[in-house]
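Trainee: Given next are the chains, with one letter for each unit.
There are 2 protein chains.
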Amino acid sequence: MDLSRSGKESGDIAIPVREVAKSSKSGKGIAPPPAASTIRLGQQPPPAAGWRRGVGIIDLILRICAITATLAAAAVMGTTDQNLPFFTQFFQFQASYDDFPTFTFFLAGNAITCAYLVLSLPFSIVCIVRPHVIGARMLLLIFDTLALALTISAASAAAAIVYLAHNGNPGTNWPALCQQFNEFCPRVSGAVVGSFLAVLILVVLVILSAAALRRI
Amino acid sequence: MDLSRSGKESGDIAIPVREVAKSSKSGKGIAPPPAASTIRLGQQPPPAAGWRRGVGIIDLILRICAITATLAAAAVMGTTDQNLPFFTQFFQFQASYDDFPTFTFFLAGNAITCAYLVLSLPFSIVCIVRPHVIGARMLLLIFDTLALALTISAASAAAAIVYLAHNGNPGTNWPALCQQFNEFCPRVSGAVVGSFLAVLILVVLVILSAAALRRI
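So the sequences go chain by chain: G and D.
Heads up: the first sequence at position 66 corresponds to 66 in this note's numbering, and the numbers run straight through without jumps.
Heads up: the second sequence at position 201 corresponds to 1201 in this note's numbering, and the numbers run straight through without jumps.
Source of the hints: derived by calculation from the structure; they are not laboratory data.
Nothing here was measured: the structure is a model prediction, and the numbers come from that model.
Note that the Cβ used here is the ideal one computed from N, Cα and C, for glycine as well.
Hints may be right or wrong, so weigh each one.
Covered stretches of chain G (chain D as the covering partner; in silico rule of three or more C-beta atoms under 8 Å from a C-beta of chain D) [claimed, not checked]:
(1) 54-62
(2) 114-127
(3) 139-147
(4) 174-180
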C-alpha cells in the first residue's frame, strides 16, 4: 500500500531521471527497459484516483441535494395542520400529520435520513481528499443502503395513505378526505414527492459508491 | 525531485530501479522485471478469490431464500379472498386484494422482484465460478438495489393499509375491517411479513455484493 503510494508519488519519476543520465553517459541513446518499468510501476497505484475524486464530488453534491429534499419533506409534513372553518358540538374538523401514524413515521424516517446525511458529509469529503480510502466509501455504501430502505419505506407508506385520502376506498367504506381538506392534501402530497426525490438520489448514491469501490 | 523523500519512505523501491539500470548497462535491451517487484505487482490480481467465492455461495443461497419469500408473499396476497357469510340486498361483503390498489401494487412488486431474482441466478452462479468477473457482480448490485427499492416500497405501502385495516383511523372516519374479515387480515399481514423478510435478505445481498467488489 505504502510502497505503491510512494511509487506513485515520486519513485517512478526518479527512475527515468537516473536512467537517462546513465544512458547518455554510456552513449547508448534510448534505453527501453526503464520506460517499461516506469509504466508498470506507474500504472497500478493510481488507477482511477481522478475518476474516484470526480465520483466523490458528485457524491457530495447529491448528498446535499438529498439533505434538502428530506429536510423539506419532513418540514412540510411537520407543519401541515388544517382546521376546517366549521365544527359541530362535539368535534372540530381538523387534519394534522399526527392524526395518521403513517405520517408520523414519514416525518421520523425523513428526519433520521436527513440527520444521517448531514453526519455522512465528512466521510464524503474524506472520499474526495483521499480517493484510496476504501473504508469510508464502504461505510457510506452500507449506511446509504439502509437510509434508502428507511426513506422509501416512509415515502411509500405515506403515499398509500395519501392515495386513500385522495380517492377513498368505497369497498371498505373509507371516504376520501381531500374534498374537505383542500389545503392539507396538496401539502402532504408535496412532502411525499420530496421524499421520493430523496430516494432517487439515494439510489444513485449507492450505485456511485459501488462504482467507486469497483476494482479497475 | 523528491528523491530523498521517496528513498526514506520506501528504500526497497530503489532495488528494482538499480537492477534495471544495471541490466541496461550490460546492453541486454529489455530486462525482465526483478523477481521481488514481480511478486509485489503480481499480488494484486488474485487477492481474495476464495473469499469472493464464499461470498458468491452465500449470495446464491440468500437469493433462493428471497425468491421463496417474495413468491410466498405474492401467492398469499393473490389468493386471499374472503366473502362474509351475510349480505344485504345490494351488497355482498367481500374482501379481496384487488379491492385495494395498494395490494395490487404489492402483488405486482413482489412478482417482479421474484422474477428478477430467478433471472439473476445465472449471474450469481457466474460470480461463484469466476470470482474475478466484476461486471456480473456490479450488474447484480445495481439491480439488487432497484429490486430492494421496489420490494420495500410495495411492502411498506401494504403495511400502511394493513395497519389501517387492523386499527382504522377514527380521526378520518375510516373504520377498522379486521373484526369482520377475520380470515382476510391475517393472510394479508403474513404476506407483508414475507415481503419484509425478502427486503432484509436484499439489504444483505447489496452489502455482500459491495464487499465482494471492494478492492483489497
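Trainee: Take the hints in turn and mark each one as holding or not.
Mentor: Verification of the hints:
no.	hint	result
1	54-62	violated (count 0)
2	114-127	violated (count 0)
3	139-147	holds (count 4)
4	174-180	holds (count 3)
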